[in-house]
Amino acid sequence: MATIFPNLSSAISRLNPIYRPSLYLTIRGFNKLGAQQGPLPPARSILHASFKSFSAQLSSSNFNPAMAQTQNQLTPDENLVVLGIETSCDDTAAAVVNSNGEILSQVISSQAELLAKYGGVAPKMAEEAHAQAIDQVVQDALDKAKLTEKDLTAVAVTIGPGLSLCLRVGVQKARRIAGAHSLPIVGVHHMEAHTLVARLVERKLQFPFMALLVSGGHNLLILARGLGDYIQLGTTVDDAIGEAYDKTAKWLGLDLRKSGGPAIEKLALEGDAESVKFNVPMKQHKDCNFSYAGLKTQVRLAIEAKNINAGIPISSASSEDRKARADIAASFQRVAVLHLEDKCKRAIEWALKIEPSVNHLVVSGGVASNQYVRARLNEVVKKNGLQLVCPPPSLCTDNGVMVAWTGIEHFLVGRFDPPPPADEPEDALVDLRPRWPLGEEYAEGKSEARSLKTARVHPSLTSLIQASRK
Numbered sequence: 001m002a003t004i005f006p007n008l009s010s011a012i013s014r015l016n017p018i019y020r021p022s023l024y025l026t027i028r029g030f031n032k033l034g035a036q037q038g039p040l041p042p043a044r045s046i047l048h049a050s051f052k053s054f055s056a057q058l059s060s061s062n063f064n065p066a067m068a069q070t071q072n073q074l075t076p077d078e079n080l081v082v083l084g085i086e087t088s089c090d091d092t093a094a095a096v097v098n099s100n101g102e103i104l105s106q107v108i109s110s111q112a113e114l115l116a117k118y119g120g121v122a123p124k125m126a127e128e129a130h131a132q133a134i135d136q137v138v139q140d141a142l143d144k145a146k147l148t149e150k151d152l153t154a155v156a157v158t159i160g161p162g163l164s165l166c167l168r169v170g171v172q173k174a175r176r177i178a179g180a181h182s183l184p185i186v187g188v189h190h191m192e193a194h195t196l197v198a199r200l201v202e203r204k205l206q207f208p209f210m211a212l213l214v215s216g217g218h219n220l221l222i223l224a225r226g227l228g229d230y231i232q233l234g235t236t237v238d239d240a241i242g243e244a245y246d247k248t249a250k251w252l253g254l255d256l257r258k259s260g261g262p263a264i265e266k267l268a269l270e271g272d273a274e275s276v277k278f279n280v281p282m283k284q285h286k287d288c289n290f291s292y293a294g295l296k297t298q299v300r301l302a303i304e305a306k307n308i309n310a311g312i313p314i315s316s317a318s319s320e321d322r323k324a325r326a327d328i329a330a331s332f333q334r335v336a337v338l339h340l341e342d343k344c345k346r347a348i349e350w351a352l353k354i355e356p357s358v359n360h361l362v363v364s365g366g367v368a369s370n371q372y373v374r375a376r377l378n379e380v381v382k383k384n385g386l387q388l389v390c391p392p393p394s395l396c397t398d399n400g401v402m403v404a405w406t407g408i409e410h411f412l413v414g415r416f417d418p419p420p421p422a423d424e425p426e427d428a429l430v431d432l433r434p435r436w437p438l439g440e441e442y443a444e445g446k447s448e449a450r451s452l453k454t455a456r457v458h459p460s461l462t463s464l465i466q467a468s469r470k
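Mapping to the working numbering: the sequence shown position 274 is 274, numbers consecutive.
Be aware that one or more of the hints could be misleading.
What the hints assert, rightly or not - What follows is a list of derived Cβ distance ranges for each label pair: (1) 294 with 202: 30 to 38 Å; (2) 204 with 266: 30 to 38 Å; (3) 204 with 136: 45 to 53 Å; (4) 279 with 151: 49 to 57 Å.
Unchecked claim - Cut-off 30 Å, straight-line C-alpha distance, at most; resulting in silico cross-link-like pairs (DSS-like, lysine-lysine): (5) 247 with 470; (6) 277 with 124; (7) 383 with 283; (8) 124 with 283; (9) 446 with 283; (10) 204 with 283; (11) 446 with 382; (12) 353 with 323; (13) 258 with 286; (14) 323 with 277; (15) 150 with 124; (16) 258 with 323; (17) 446 with 286; (18) 323 with 250; (19) 266 with 247; (20) 144 with 258; (21) 470 with 353; (22) 323 with 204; (23) 306 with 247; (24) 383 with 345; (25) 353 with 277.
Note that these hints are calculated values from the structure, not bench results. Beta carbons: idealized from backbone N, C-alpha and C, even for Gly.
Start from the sequences, fold in the hints, and give me the full structure.
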């Protein structure tokens, strides 16, 4: 990896590779806690000097924001205040969080009506909805926090993975704010943010720990060894569990305004989970990867066999038809979650082999809001002597809090970009990473076929950070 990063400074702060047709990655960074361009505003100058004095004490493997503040004796006036912006998919979100872990505000503009209309995310429609909502969402977040941009320490924004059209809206907004007010900017990995928000909720959560990230676009099992240091134990081969929930809900004629997961979970309570015999995916594969495409096909065939008409909403279905739909929902949910359980059991074995001190499994992402999922996975971790950590549902779905908090964690160890130009043109090339792995694959879990099929547009976050240290 080091051969494609010829001019990295040993003190590089925040990496910013930009994809070009030649696949050459230009790294734009500046020296950790030292080589910023131009003076910082007074409040941040104090913080900057304070960070420099104790940077040697920070290590990504045992970093604790609360302890860091104690060691530096930061006064309340010196507390970091970060605006987080999230537009990776179908929700426009912003939040203001400080380094004491206080959520000063949280605002989310949902695209539920669009989801219901199109039966899922329509990228161009989602982009337009983000563009219409972003200014008001950010302003509401600042107003609710009773702050202005001048009170911020930095702006954090999701730069990937996600839908390029959607990511661009958030990144451009973040850069406009940062440029206009001379604020440092932190580019955030969406899946890392889902992982690290657990450290905001559970302040005693230390590295190393495991994380299962389950959402509409991703299934990811990782070993978090430190801040920016992740081993990928398993990932999505085709469709993620959230996608399977959404499609099943659509085919059953359920209300998608709150996404498919809650609708399926509610209907499943009325059904017999053993009534339809679906096969658990990938039982024969001794890895930790996930596949829900086959289960989706099984569900679709079962729905056709029972002559269920999705055009008739569940609210108008006969009692017999409703029972058939509920049985399919319950049977689907049982097998979908069994797939999670199987892979988690193996991942725990692998993780403990690598890091015997692991004792927590974080479950985050939109599907982690599902109470059935939490209950089943809690049984798995208890049997393996671990503890389950789940953020509250409001922090499991995509949100600005997780982005702001991840920005704070990286800012505290010096990973951030200098303010962008105040006069940056609207069509300027911005850093977007729609396909961006979080960590390197664990050797035992590598899939030759999947690796060949999936082109990596960007090196993983972990490999970039490791390269910056050399």
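Starting from the hint list further up, note which numbers the structure goes against and sort them upward. When the structure is compared with the hints, numbers 3, 5, 6, 8, 10, 12, 13, 15, 22, 25 turn out to be violated.
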